[in-house]
Amino acid sequence: MLALMKKLTRSPLGKLVLMIVVVGMALWGVDQIFSQVRSGLGANIVSAGTRGLDPADLDFRVETVLRNINATAERPMSKSEALEEGLIDQIVEVEKARITRLGYGESIGISPSPKAVVEEMNNIPAFQNPLTGELDAAIFRDRIAQLGMTPAQFERQLQDDILIRALSRAAGSAVYAPDILSNIQANYLGETREVAWFLYDASKAPAPAAPTDADIKAYYDEHIERLKHPERRALDVLRMSTDDFTGKVEVTDQEVATVYEATKSERFAAPDQRTYAELMFPSRDAARTAFGLLAGGADPNSVTGANSIQMRTARAEELSDTTLRDAMFGPGKQSGAMFGPREVNGQWMVARLISVQPGAVKPLEEVGEEIRLGLARERAQLLFSAALDTLDEALSAGHDLHQIAEDIGVPVFSLAPIDQNGMTADGQRISMLADVPEALPQAFRLPQNEISSRFDVSSSVVLVSPRRIVPAATPELEVIKERVRAMIVAERAANAAQAAVDALTDRIRSGALTLEAAAAQAGTEVDRLPEPVSRANAQAMGIPGPLMQATFNNPAGSVISLPTGNGSMFAILKVLTVTPPSADVLASMSAASSADVTNSLVSDLETAVDDEIRRAVKVRENAAAVAAYKRTITAAQ
Numbered sequence: 006m007l008a009l010m011k012k013l014t015r016s017p018l019g020k021l022v023l024m025i026v027v028v029g030m031a032l033w034g035v036d037q038i039f040s041q042v043r044s045g046l047g048a049n050i051v052s053a054g055t056r057g058l059d060p061a062d063l064d065f066r067v068e069t070v071l072r073n074i075n076a077t078a079e080r081p082m083s084k085s086e087a088l089e090e091g092l093i094d095q096i097v098e099v100e101k102a103r104i105t106r107l108g109y110g111e112s113i114g115i116s117p118s119p120k121a122v123v124e125e126m127n128n129i130p131a132f133q134n135p136l137t138g139e140l141d142a143a144i145f146r147d148r149i150a151q152l153g154m155t156p157a158q159f160e161r162q163l164q165d166d167i168l169i170r171a172l173s174r175a176a177g178s179a180v181y182a183p184d185i186l187s188n189i190q191a192n193y194l195g196e197t198r199e200v201a202w203f204l205y206d207a208s209k210a211p212a213p214a215a216p217t218d219a220d221i222k223a224y225y226d227e228h229i230e231r232l233k234h235p236e237r238r239a240l241d242v243l244r245m246s247t248d249d250f251t252g253k254v255e256v257t258d259q260e261v262a263t264v265y266e267a268t269k270s271e272r273f274a275a276p277d278q279r280t281y282a283e284l285m286f287p288s289r290d291a292a293r294t295a296f297g298l299l300a301g302g303a304d305p306n307s308v309t310g311a312n313s314i315q316m317r318t319a320r321a322e323e324l325s326d327t328t329l330r331d332a333m334f335g336p337g338k339q340s341g342a343m344f345g346p347r348e349v350n351g352q353w354m355v356a357r358l359i360s361v362q363p364g365a366v367k368p369l370e371e372v373g374e375e376i377r378l379g380l381a382r383e384r385a386q387l388l389f390s391a392a393l394d395t396l397d398e399a400l401s402a403g404h405d406l407h408q409i410a411e412d413i414g415v416p417v418f419s420l421a422p423i424d425q426n427g428m429t430a431d432g433q434r435i436s437m438l439a440d441v442p443e444a445l446p447q448a449f450r451l452p453q454n455e456i457s458s459r460f461d462v463s464s465s466v467v468l469v470s471p472r473r474i475v476p477a478a479t480p481e482l483e484v485i486k487e488r489v490r491a492m493i494v495a496e497r498a499a500n501a502a503q504a505a506v507d508a509l510t511d512r513i514r515s516g517a518l519t520l521e522a523a524a525a526q527a528g529t530e531v532d533r534l535p536e537p538v539s540r541a542n543a544q545a546m547g548i549p550g551p552l553m554q555a556t557f558n559n560p561a562g563s564v565i566s567l568p569t570g571n572g573s574m575f576a577i578l579k580v581l582t583v584t585p586p587s588a589d590v591l592a593s594m595s596a597a598s599s600a601d602v603t604n605s606l607v608s609d610l611e612t613a614v615d616d617e618i619r620r621a622v623k624v625r626e627n628a629a630a631v632a633a634y635k636r637t638i639t640a641a642q
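Sequential numbering from 6 applies to the sequence shown in this note's numbering.
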């Protein structure tokens, strides 16, 4: 840029251009000029062809993902947590792939027909009238409003989904597995093997020689970097949450009683029971006629033409039919609520809610403390918010961590020196910062007594400051001599054990020992599977992964040693036989093998198509727009 400006100043025309640029900066601001240069994509975060994703679209996607996650999560996830955990970046990548496909589809002139969109919409159960099973416009508008979308937005998304699905399925719609590949797969899965093994305790091998002082000194000198203690830091931690302020608020008995009276039926009542009439009819027409009579107030027992009439009393959780449960127990459902007609096992059901029997209400004495604690937490939240303002002001003023803690009235926790994994010198793990994974790395980048960024996590605010830094260093030999001795002993014992196992397996391979004789020398017996095993049934038989690999990755006659993960125990395994599948087995597996190979080919072809789409469409990304969106999340917190 500077070189270009120098060239411009060497000619009269260049000087004029440079003057115009300078005046433009003065009139409109440097930021605006450079924002125009940076944002060649306009407001889009990513675009391909005529399709783009702007920050509002991205925010809607993020909100949708979080709403789906939080619907079943034990603890709701916030946008800031989604940002910290990389979820925002994942959503951007998913949307980038989506926009790429849409841009490619439009570039080659593919678009779903209105008929295809209508058929797709008609097949969505959430939009169907429970009585007719057909698309209900009122239900449709209500459901998409709950999603925060307009009908036009939903229809466009449906068009996009159909287009992407068509592109994905087109690649594999005519793919089938050739017989030669299906036969290879069937032979691979149907081949059976017989194996035998025994467990060998390598700790019974002769003990290695004890290390001398010279051995210890030589080992110390050779592994001096390995023996170095990592840098450790003694940390001061300020952790503040609403709980720190619950003891500073007062809740009166009258307030508890008032809340109890206002909310007892919703919060403290047992589930109600409801009585409803369930009528079964031989035809839909008969059921519809009865539905009209019952909706008009007719007594269920006066309705004619029913195969059966039953009065049922139940709680909501006792009904397995979710549609019937919603009709009888849904929000706002009162006596007279109707359900049906609906086909059930060849008959048509109609139901009417007869009465509601409220559940028993817990007494105030039983739930008073729960209400008191809830009120205290609500008021403590106000104190917590005020303390956050005080904390931010103290940080801006440059106060140290202990002064900040004193200003807001919370304690500072002092941790013993720990390494970047949270371990003390004697091997104890400090878990206080386990829920703040960014805290330790940042604490190890800070100078002594500096304060970290503010971490907002799990309804808490955390600040960390290094109180003392213990540099990395290798202790003198005399300090860790016994530790070095133990390391040498452990290494020699492991080497001796492996040598004993290798010697034993070599003797079995050479024929000097049979598997049974080797097992007898080890004081154990040979074990076998109850039947030959194939790749198709090995997992169902519960064979461990390492044993499966040894069984199927080696030819007949192979002898393999496997560590069991249980100290010095090894499995000595021999592949006895390898038997190809019979013609009958191959015939029985042909369909499954063909399906497996076809699915694999389709997956590979879809990946290749995706690669071609990415090469065929120019995808433009606006990293500045993504960063700006992330800053809005940080600022909102």
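Note that these hints are calculated values from the structure, not bench results. Check before you lean on any hint, since a few could be wrong.
[As the list claims (entries may be wrong)] In silico SDA-like cross-links for lysine to any residue, where the CA-CA straight-line distance does not exceed 25 Å:
1. K269 <-> P216
2. K623 <-> S116
3. K486 <-> A430
4. K338 <-> T318
5. K269 <-> L378
6. K101 <-> N127
[What the hints assert, rightly or not] Restraint-style ranges between C-beta atoms, simulated for each label pair:
7. P60 <-> S593: 51 to 59 Å
8. V361 <-> A267: 14 to 22 Å
9. D532 <-> S605: 29 to 37 Å
10. E370 <-> E271: 46 to 54 Å
11. D141 <-> E255: 49 to 57 Å
12. L369 <-> S83: 33 to 41 Å
13. S605 <-> A365: 20 to 28 Å
It should be emphasised that the depicted structure is a prediction, and the values quoted were computed from it without experimental measurement. All C-beta atoms, glycine included, are put in the ideal place defined by N, C-alpha and C.
Structure-based check of all given hints:
A threshold of 25 Å between alpha carbons decides the hint, and for K269 with P216 the separation of about 75 Å lies outside it, so the pair is violated. Taken as a hint, the K623 and S116 pair is honoured in the structure, with Cα atoms around 19 Å apart against an allowance of 25 Å. Annotation: proposed proximity of K486 to A430 holds, straight-line Cα distance about 16 Å (limit 25 Å). The hinted pair formed by K338 and T318 meets the criterion: a straight-line CA distance of about 15 Å does not exceed 25 Å.
The hinted pair formed by K269 and L378 meets the criterion: a straight-line CA distance of about 16 Å does not exceed 25 Å. Pair hint K101 plus N127 does not hold up; C-alpha atoms about 29 Å apart against a cutoff of 25 Å. The given range of 51 to 59 Å is respected by P60 and S593, whose C-beta atoms sit roughly 56 Å from each other. Taken as a hint, the range 14 to 22 Å holds for the pair V361 and A267, whose Cβ atoms sit roughly 20 Å apart.
In this structure, D532 and S605 meet the distance hint of 29 to 37 Å, their C-beta atoms being roughly 35 Å apart. The given range of 46 to 54 Å is broken by E370 and E271, whose C-beta atoms sit roughly 19 Å from each other. At roughly 53 Å, the beta-carbon separation of D141 and E255 lies within the given 49 to 57 Å, and the hint holds. Between L369 and S83, the C-beta spacing of about 35 Å keeps the proposed range 33 to 41 Å intact.
In this structure the hint that S605 and A365 lie 20 to 28 Å apart at CB is violated, the actual value being about 59 Å.
The structure shown violates the earlier hints numbered 1, 6, 10, 13.
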